[in-house]
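Protein chains: 2
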Amino acid sequence: MESKNIAIIGVGLIGGSFALQCRKKGIANRIVGVDNNKMHAKEAISLNLVDEMLELNEAVLKSDVIILAIPVDAIISILPGILDLVKNQVVIDLGSTKKLLAESISNHKNRNRFVAAHPMWGTEYSGPSAAMEGAFENKAVILCDLDKSADDAVKIARSMFEILNMQIFEMNSFDHDLHAAYVSHISHISSFALANTVLEKEKEDRAIFEMASAGFESTVRLAKSNPEMWTPIFKQNKDNILDVLNEHIMQLRKFKSCLEKENWDYLKELIENANQIRRIIQ
Amino acid sequence: MESKNIAIIGVGLIGGSFALQCRKKGIANRIVGVDNNKMHAKEAISLNLVDEMLELNEAVLKSDVIILAIPVDAIISILPGILDLVKNQVVIDLGSTKKLLAESISNHKNRNRFVAAHPMWGTEYSGPSAAMEGAFENKAVILCDLDKSADDAVKIARSMFEILNMQIFEMNSFDHDLHAAYVSHISHISSFALANTVLEKEKEDRAIFEMASAGFESTVRLAKSNPEMWTPIFKQNKDNILDVLNEHIMQLRKFKSCLEKENWDYLKELIENANQIRRIIQ
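For the protein sequence lines, the chains are A and B, in the order given. Be aware that the first sequence starts at 1382, since it is given in this note's numbering, and climbs by one per residue. Be aware that the second sequence starts at 1382, since it is given in this note's numbering, and climbs by one per residue.
Bound conformation, chain A alone:
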């Protein structure tokens, strides 16, 4: 693939990390950034994530590939306007929900210049300073509804993710949102709720600060994640997340019932069953 002029809309954790990797891997000839947040715009320049910051329209017109790395509600807001402007460019989003987005542009005359992508990478931090070299490497990326995208656009998107050493999977937007609820969104809700559980009691005692263990840190790490990013994800994937959340509460109630009834054999069975997660994560 020839190196491209790339526009990154949203130079935060995801967009900034994507910029760094595109530069490192020779995907980008020149990278321009777009960001409404003036402080983030300055940081992106000083951290050398992008070559310059431009207004949205100018950035789109000057680029071969436009990457959307902003909250999923903002993607739905601005994608139609971007598609109005493009001719041969490729527009790729990196958002965590796909169904509503797909519906929102289904009748756009330039729909086929768009490729929907969800890279399964992120951290609990946000903003340009959270951008990391080595991001995305060996992670999965889900491409959605590829039958709606032009062949050349799909080819460019595929090449980019391959050069970033990502494993590409394909599914439709509907299935994507269902699975994302299980493998990503519920983890965040669980972690947010766990943090709130502990913070509720921490008012009474500071011992928790001193005792916080690695296991605790691991389960509440995601609770540091950005509300501006996650509220729109939960909003757009409401129905799937409610299904999973109900299941999760039911599973927690099984543990509760074992404790209340002192049913230690069944409690041990529940743990042994949970151990099978080893099949999924090493």
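Worth flagging that the hints you see were computed from the coordinates, not collected in a lab. These figures come from a predicted structure and were not determined experimentally. Wrong hints could be hidden among the right ones.
The list makes no distinction among identical chains, and a pair is therefore deemed to hold if it is satisfied within one copy or across any two copies.
To be verified - Think about it this way: if two alpha-carbon atoms lie no more than 30 Å apart in a straight line, the pair counts; the simulated DSSO-like pairs of lysine-lysine are:
| no. | residue 1 | residue 2 |
| --- | --- | --- |
| 1 | Lys1619 | Lys1605 |
| 2 | Lys1405 | Lys1649 |
| 3 | Lys1520 | Lys1649 |
| 4 | Lys1642 | Lys1520 |
| 5 | Lys1423 | Lys1649 |
| 6 | Lys1619 | Lys1385 |
| 7 | Lys1635 | Lys1649 |
| 8 | Lys1536 | Lys1520 |
| 9 | Lys1642 | Lys1605 |
| 10 | Lys1635 | Lys1619 |
| 11 | Lys1406 | Lys1619 |
| 12 | Lys1635 | Lys1582 |
| 13 | Lys1637 | Lys1619 |
| 14 | Lys1649 | Lys1419 |
| 15 | Lys1616 | Lys1642 |
| 16 | Lys1529 | Lys1582 |
| 17 | Lys1649 | Lys1619 |
| 18 | Lys1619 | Lys1582 |
| 19 | Lys1635 | Lys1385 |
| 20 | Lys1520 | Lys1582 |
| 21 | Lys1616 | Lys1649 |
| 22 | Lys1649 | Lys1536 |
| 23 | Lys1619 | Lys1642 |
Let chain A serve as the given structure and place chain B on it in line with the hints.
Same frame as chain A, now just chain B:
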């Protein structure tokens, strides 16, 4: 502190890691192991965690310091018999619950040779092969009910944990179990239940395998933890864990209610509140 002859009862993740660090830091002159599991006993020798494996009584009589690193129900079973044997030795347990243990030996004539310790370190793996160099470093260790232990026993325990670069905190057994429910035990229940939630649905689709993200891995990592270790912890700390679990389910219901009622402002507030966990974990 002069280096000691140390007996490690239970040469698994915790006992094995403790042995490695005691050797590395010069705390141990000679280390003997005790383990009912014959395969673990062999592994401990072949991995060079201990110098030899002995029967319990012989190991106790030949050692200056006896470390208990077995499940908390087994600690309650064998500690009285060990205290029957000791004269000037120090017995230290590394278990995750303290109140029932403290009660079980409160009238033992050699109670003051025992020091209750809970190092806030562990991984989701178990057995001798899970033992790690560098374990415990810079982690907290909670010492309980020190007024019930002899001064010289406390001094030796403190010295050992200091040499292991651990931060020592003191509290009574009752408070320990209350706080441990928040900073450790609930994380495990949450993680077990999350794993069961996903595994329940994974029967329907293998996409989860392919999509599993780092965030998912972080929250379900603890679900790989050993049932033999965790069932007795949950049993012994039942009342505290039930309190925290009820609070956690209530916090999850708040998220559920926001989704059902489409109350996105309150959902965002819940996330912002959870973000305050940054005060506790960096």
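Consistency of the hints with the structure:
no. : hint              : in the structure
1   : Lys1619 - Lys1605 : both (21 Å within a copy, 29 Å between copies)
2   : Lys1405 - Lys1649 : neither (49 Å within a copy, 36 Å between copies)
3   : Lys1520 - Lys1649 : between (33 Å within a copy, 28 Å between copies)
4   : Lys1642 - Lys1520 : neither (43 Å within a copy, 35 Å between copies)
5   : Lys1423 - Lys1649 : between (54 Å within a copy, 27 Å between copies)
6   : Lys1619 - Lys1385 : neither (37 Å within a copy, 60 Å between copies)
7   : Lys1635 - Lys1649 : both (12 Å within a copy, 29 Å between copies)
8   : Lys1536 - Lys1520 : within (19 Å within a copy, 50 Å between copies)
9   : Lys1642 - Lys1605 : between (35 Å within a copy, 24 Å between copies)
10  : Lys1635 - Lys1619 : both (24 Å within a copy, 14 Å between copies)
11  : Lys1406 - Lys1619 : neither (37 Å within a copy, 53 Å between copies)
12  : Lys1635 - Lys1582 : both (23 Å within a copy, 16 Å between copies)
13  : Lys1637 - Lys1619 : both (26 Å within a copy, 10 Å between copies)
14  : Lys1649 - Lys1419 : between (54 Å within a copy, 23 Å between copies)
15  : Lys1616 - Lys1642 : between (37 Å within a copy, 11 Å between copies)
16  : Lys1529 - Lys1582 : between (50 Å within a copy, 29 Å between copies)
17  : Lys1649 - Lys1619 : between (33 Å within a copy, 14 Å between copies)
18  : Lys1619 - Lys1582 : both (29 Å within a copy, 18 Å between copies)
19  : Lys1635 - Lys1385 : neither (53 Å within a copy, 46 Å between copies)
20  : Lys1520 - Lys1582 : between (37 Å within a copy, 22 Å between copies)
21  : Lys1616 - Lys1649 : between (36 Å within a copy, 10 Å between copies)
22  : Lys1649 - Lys1536 : neither (50 Å within a copy, 38 Å between copies)
23  : Lys1619 - Lys1642 : between (34 Å within a copy, 10 Å between copies)
Comparing the model with each numbered hint stated earlier shows that hints 2, 4, 6, 11, 19 and 22 do not hold.
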